[in-house]
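So the sequences go chain by chain: A and B.
Residue numbers for the first sequence follow the working numbering, beginning at 1 and rising by one.
Residue numbers for the second sequence follow the working numbering, beginning at 1 and rising by one.
Hints were generated in silico from the structure; no laboratory data involved.
Do not take every clue at face value.
No farther apart than 25 Å at their CA atoms in a straight line, the calculated lysine to any residue pairs in the SDA-like style are these [unchecked claim]: (1) A/Lys80 with A/Ser58; (2) B/Lys42 with A/Gly54; (3) B/Lys42 with A/Ser50; (4) A/Lys79 with A/Ile53; (5) B/Lys42 with A/Leu110; (6) B/Lys42 with A/Glu59; (7) B/Lys1 with A/Ser50.
The lines below spell out each chain.
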Amino acid sequence: SQTIHQWPATLVQPVGSPLSLECTVEGTSNPNLYWYRQAAGRGLQLLFYSVGIGQISSEVPQNLSASRPQDRQFILSSKKLLLSDSGFYLCAWGPGFQETQYFGPGTRLLVL
Amino acid sequence: KQEVTQIPAALSVPEGENLVLNCSFTDSAIYNLQWFRQDPGKGLTSLLLIQSSQREQTSGRLNASLDKSSGRSTLYIAASQPGDSATYLCAVRPATGRRALTFGSGTRLQVQP
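The shape of chain B in the complex, shown without the other chains (with noise of 0.2 Å):
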């Protein structure tokens, strides 16, 4: 049974500093994995998506890099702003099956002005 974790559970950065977030999952055999932000309350938006064949996916300050292999990705955020601050959520995707996603529980993120 695949098994996502995600560390640290929370962490509090002061205004551009550059962060890398952690997540690590049990069974390597995955289609995709993706990264999720989730502010208080509300649903998820996804942020990154990297297919099995890739390495990483940047998006603007966003880069997610994925080593299949060792059964890790990382999401770095460089020059972090307050608004930021949000849970982040790691997903992967099995490669056969029903390719039901499995997330972590989540890094929560404050960054302080």
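Extracted from the complex, chain A is given alone in its bound form (with noise of 0.2 Å):
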């Protein structure tokens, strides 16, 4: 069966410092990933998506990055956390676009 990982589970983190959160699915391959923003009291923002290794999209404009190094590994970075960058991350796989995903079980980032 398939499982997703997420770590840090929580991280605290002050204005300006690096950001690097990490994400791993298992038992599948060449899966689509996602990694999406829950903002508090509003819904989920896709933030990047990729459908291979080193392919990455970007939905909206941010001090944020994504990268695939591996086919099963999604990385979520930041060179300068802003206050904003504060939320729930969330990463996601899929089989396909046309097929559910399926939730990791989210990082809780405070940025002070």
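Combine both chains into one complex, guided by the hints.
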């Protein structure tokens, strides 16, 4: 069966510090991978998605970036965090665009 | 641009009640619609997926309907239980383009024992 992992679960970082959130998927190959952010009281916002190694599509302009160094690894990064980057970050995978998406447990980021 | 609205934003009901959660979307050109459940501080769990050609899907005490032409979907929960307490999110996938999901902001449900 497939599983999706995210770490860390919780992170508190000062403004201006770098960020690296990791997501890995097990039990499948060549999945579509997604990064979402959920701000308090708001819906999920798609940040990035990837259909293959090294292929990243950005949905919104921001100071975050994503990379996919391996087939089942998706990384969300920032060189300098902003207060507005605080939120709940969810990684998801899907076998294709037509099917449902399966979500990881999330990372709660607080930027102070 | 697709917009998804969920009403009500929050709902509190006594155990045993049947309830309906509403979702509306502005662009009827969708590929499918999904309902997810999110427990506090957790990821999302897919509940039901309705393809654009379907009218409804059922899973246990859950029934989701889709009226694509009017841009509406409802999630019906029968005989609610305290364990149903969670936030329920509706998401639509467009029929063309990159087909990224657009989510509503959710309905926070509290079922009182």
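Structure-based check of all given hints:
no., hint, result
1, A/Lys80 with A/Ser58, "18 Å, holds"
2, B/Lys42 with A/Gly54, "28 Å, violated"
3, B/Lys42 with A/Ser50, "23 Å, holds"
4, A/Lys79 with A/Ile53, "22 Å, holds"
5, B/Lys42 with A/Leu110, "16 Å, holds"
6, B/Lys42 with A/Glu59, "23 Å, holds"
7, B/Lys1 with A/Ser50, "22 Å, holds"
The structure shown violates just one earlier hint, number 2.
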